[in-house]
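Protein chains: 4
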Amino acid sequence: MSNIFGKNFRVTTAGESHGGAIAAIVDGCPAGLKISKKDLQIELDRRKVGQSKITTQRRETDEIQIMSGVSQEGVTLGTPILLVSYNKDAKSDDYEHLKDLYRPSHADYTYEAKYGIREWRGGGRSSARETLSRVAAGAIAQIYLRQKGKIEFLSFVERVGNVVLEKKDFAKITRKKIEANIVRCPNEKKAKEMISLIEQVQKEKDSVGGVVCGLIRNVPAGLGEPVFAKLEADLASAMMSIGATKGFEIGRGFASAEMRGSTHNDEFLIRNKKIRTKTNNAGGVLGGISNGEDIYFRVAFKPTATIGKRQKTVTRDKKQVNLEASGRHDPCVVPRAVAIVDAMAALVIMDHYLGR
Amino acid sequence: MSNIFGKNFRVTTAGESHGGAIAAIVDGCPAGLKISKKDLQIELDRRKVGQSKITTQRRETDEIQIMSGVSQEGVTLGTPILLVSYNKDAKSDDYEHLKDLYRPSHADYTYEAKYGIREWRGGGRSSARETLSRVAAGAIAQIYLRQKGKIEFLSFVERVGNVVLEKKDFAKITRKKIEANIVRCPNEKKAKEMISLIEQVQKEKDSVGGVVCGLIRNVPAGLGEPVFAKLEADLASAMMSIGATKGFEIGRGFASAEMRGSTHNDEFLIRNKKIRTKTNNAGGVLGGISNGEDIYFRVAFKPTATIGKRQKTVTRDKKQVNLEASGRHDPCVVPRAVAIVDAMAALVIMDHYLGR
Amino acid sequence: MSNIFGKNFRVTTAGESHGGAIAAIVDGCPAGLKISKKDLQIELDRRKVGQSKITTQRRETDEIQIMSGVSQEGVTLGTPILLVSYNKDAKSDDYEHLKDLYRPSHADYTYEAKYGIREWRGGGRSSARETLSRVAAGAIAQIYLRQKGKIEFLSFVERVGNVVLEKKDFAKITRKKIEANIVRCPNEKKAKEMISLIEQVQKEKDSVGGVVCGLIRNVPAGLGEPVFAKLEADLASAMMSIGATKGFEIGRGFASAEMRGSTHNDEFLIRNKKIRTKTNNAGGVLGGISNGEDIYFRVAFKPTATIGKRQKTVTRDKKQVNLEASGRHDPCVVPRAVAIVDAMAALVIMDHYLGR
Amino acid sequence: MSNIFGKNFRVTTAGESHGGAIAAIVDGCPAGLKISKKDLQIELDRRKVGQSKITTQRRETDEIQIMSGVSQEGVTLGTPILLVSYNKDAKSDDYEHLKDLYRPSHADYTYEAKYGIREWRGGGRSSARETLSRVAAGAIAQIYLRQKGKIEFLSFVERVGNVVLEKKDFAKITRKKIEANIVRCPNEKKAKEMISLIEQVQKEKDSVGGVVCGLIRNVPAGLGEPVFAKLEADLASAMMSIGATKGFEIGRGFASAEMRGSTHNDEFLIRNKKIRTKTNNAGGVLGGISNGEDIYFRVAFKPTATIGKRQKTVTRDKKQVNLEASGRHDPCVVPRAVAIVDAMAALVIMDHYLGR
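Protein chains in written order, with numbering that gives the first Met the number 0: chain A, 0 to 355; chain B, 0 to 355; chain C, 0 to 355; chain D, 0 to 355.
There may be inaccurate statements among the hints.
Put simply, identical chains are the same to the list, so a pair is met inside one copy or across any two.
No farther apart than 30 Å at their CA atoms in a straight line, the calculated lysine-lysine pairs in the DSSO-like style are these [unchecked claim]: (1) Lys272 with Lys317; (2) Lys273 with Lys36; (3) Lys33 with Lys87; (4) Lys87 with Lys166; (5) Lys149 with Lys6; (6) Lys318 with Lys6; (7) Lys317 with Lys273; (8) Lys204 with Lys317; (9) Lys37 with Lys147; (10) Lys87 with Lys37; (11) Lys33 with Lys6; (12) Lys87 with Lys36; (13) Lys52 with Lys33; (14) Lys6 with Lys147; (15) Lys311 with Lys277; (16) Lys273 with Lys202; (17) Lys171 with Lys272; (18) Lys272 with Lys308; (19) Lys188 with Lys52.
Since the hints were derived computationally from the structure, they do not count as laboratory data.
So here's chain A without its partners, still in its complex pose (with noise of 0.2 Å):
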């Protein structure tokens, strides 16, 4: 359904880019479960604005407000929970010449094509602040998954453009190493090139794509439905309900496409006397169901569609005419998608979770 996510921990958010807030209610959280808005704002601090030189420079505090479900101990009520981040550095002027043209490959065209009308400051519904509800939620999930079952999620950038972080070692990534730098890619050194490359990019007033690269660790085997709530299909949905995203795959992917199942089968083993696959190719699911492996999958992120280039495109009243961008915006998503990744790999979890 549209604006609300999940079944069994349900999430629904509300909010424009330029209106009064952002908001998301999360139904179903269990009760007992100790929270603070310091907690959360591990999460938000991660896909903030401005937090670095490579992001945009809109500076928006993204301070949220836990206004309901939480005792004044600061303990989950079983209630839902209210969290509200009130928009500040809403500048609407920026936005004046967009009111009757349609950007290229953005969503104004298909909203008003839906809805016959569009917020067209910021983006509106559309606009990535859309998303700091995803990761204050989630970030609740995590903190309740992390407690309950040790699982842990771990997302990184493994691509940006042409740079790519082909080997990795999932037993090795921690979240240290992906926080310590500025592209979250847990290899310094390609880290450094991938930074370069966006600076680059960005002196060029043009954007570029990535490949965020989900894990999750500690998931026990079981979670997941058999037929059309598999596991995988619900990670699927969530990462492609993120602005920009463009494509998913899970354990080797398209690659397995290519493959002959006598490489691709993962035979099964004892090791530490717990059933187990000796290659996990599949990431972490079988038939729908999490096997006990790290899940690990892939998400594709389009380059950032706002850029400084000029371009073409056309007005509400079918005239062409030429633009170019002057809104403040990331020249690449990735690093700052790696939050939002996370929060929506949580909330796909915690669903499955409480719904074992």
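Use these hints to put chains B, C and D onto chain A, whose structure you have.
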């Protein structure tokens, strides 16, 4: 929800491979639509077992009964449509040796981790036979959408192992060209290569993966929801809910991650007095909503998990054993998967179409 | 959603009175539950047509097939359970004269207003035969709840026309007492009066209404949601979804509207070291959540709409006509409705029980 | 689902009595509707605390902010509408003595049984303050339905304790007559009796129950689903989800249980060239679907649980104690409940109206 798909056009499915029947209840189909067993059979025959030398030789008729929701004159009543296909050629004996072991890359182990029990005959609920329900329900959606909006579903095989159909002109693809060969690739030369690869793999008692390219024509602008039920999110969920899928991408997909915004952005222009895009790198969706261009996407299928080659695995009581599969199976799933991809795409579009 | 009931224990139903079959798919039933056709038949026989002189003489066997979701050993697999009952004694000819007119107080007119078409044979989807699915699905829930929590469903007939069972001691009501007579009133004297009233009404070619009192024993404290899915709201919805129901009340119900707080309030006290209430005027729920006391409620059924007496009505083309019904029908629905009320109550409790 | 209501017009609510705010997110409101804070305030004022001498003297302004989903010109965007009302006059000290005991007939005990924790300040989530969200969301639905279909919501007080408005002519009831007195009974004589009964009860430190009669005018024929989402089932669920309700009946309701079919059946006739019923005993619905007649129903409210009189109860550690409530409360809830009944009725009709 596990076995229910859709919000407005709701399909509930049931059935194990070797139980009494495979069934679907379609709830929410508009009244007044003429449908017949024969209409549905066209789609069912495309996913049927034993249809050619490159598919499994199991001999189900895959015939479906329409048991409710349709008047004696063959017109839908607005009430739920019950579709039932009885299981006939269910050779349980073939599976007796699988009772206590977990087949590699199958759902045996994960079903048991989740439910504490599993139907080992023919894979039970995780059998590909489950998709019969989807194809039957999707056939109803296709009939409706063709009549109401001339919307067409034209998925085809793009890749088998390392044989790829690189170049294609979406405008020239027709159902007839797709159905012209048993592998369902609309290019005869490539089709032959694919078929001989599958035959070779079959001889080697192995299997091979592939890619189905989904194509939807004539979707009006304005379908899809802005945040969580983005059209691409629902398509991704639908595709990744099909067994053996490992990846989904729309438009330029993963390739867009390597591109610059200035190259990837689709400029708007006026063609035949309509607002169109110059390039359709987006694949027909912007911000979760259709923009009136062709919707195209790709779905990666892993190689069939069942292979004749010897593999190592473990039993329920954690003993190491060897396995040589003798059950009937497809060496490559994509030729039959084409019908399933079309069906699931139709369910998604139908759901959004009815919710306009 | 129209033909789907429940969130955790989801029942999708299908089937018209005179189509191929009546069916249900139960999605979300826990694995490992032993169920058999025979177990379900106990409940189905309680709603069966032709079971006594005071019910309709239509001669369906009302037998049900379990076609999926259960292992060959009779144990649920966690996968959807398909239940099918084929229609046999469907005398369409009986209804030919109803094709173009709207029977008073039936759904003929409203179905046509909604769908533009209706199945006039036997009332189609609005036939009481539809409740067979509910009773079968509810029987599964009852088996589960009895085994897991000793929860019992003990609905009975409290009123037929002006014959009322005023005084009753809930603690002494048993299934045996309820089933001791054909009207299902656990007081033999009142039962006789009710039966003779029904027989008299039958002779007069008329019908009469009644009240079923629902009783649920051993529901643990803590079931129900605080706001929209209050236990009493879900029970009300479940009961009012049964055809011919016109009212629902819980605890003291409408009588509480005439009371003072000082009389109505249930004081808490300690009994057998447990927190209990002194009076249970509330009927086992407080603020939408069960409090561990007996849940009791009442459901009002209107007199059967089909009567043999002459009535005036109109045809599709707005002509005034007279109607004397000749179809087979119950002069009073409550004796058979008892099984339906138990079934729907069980579906509600099951849904909340699984969602704890 | 606990805090989410509706399928097409989805309202998610949040907020405790003494937390930061009460809020609602309305998802699914069509774009292009003009709404303002002032429009919503009309409905909110009808449920406001402290509005007259017979309501609680808590002094919330009950003002609501529209924080998203509406353009700067006051037109809905099709995106979710966030409504927030900040809590101001939240005297937590009033409730300190209730921390460890369970108030009779309140939700204190059951919330704790469910969640293991409860917000004892002002009843937390179970406070009547929660209904503010419903009234605000329902006001939007009322505006839409009035504009699109002239549908009117005209609930009124029919009973307070033993004072009943027996005779009424639905055709003559207007919002003006309802609002002409503080008890919201459209008959001045009865209104006076009701008011003096409430005042008397107030003096006695007691409370009294009542009945709200719901009335919906101009609902077109054809709204409602045939089986589980019958219009009367959804109305029942909506009404029984309001705190303190104990019963719901539609049309002749419980009285129909005493009637014969020949008396209860509504004959069809032609009036002004339209198909109408002679009697409307059904209350505007047949088989779950509206028939174009007035929809009328009754909702029973128990006496307010909070009373000044001394009562016995128990503490969390199972000690017997006496309680004399000193919090602010209404001696009778029905005068304010009228606005809530209208709101919930509007949410139900809106949901079905959008789903046509």
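Practice item. Give me the numbers of the hints this structure contradicts, sorted from smallest to largest. Key: Of the numbered hints given earlier, those the structure breaks are 2, 4, 6, 13 and 16, listed in rising order.
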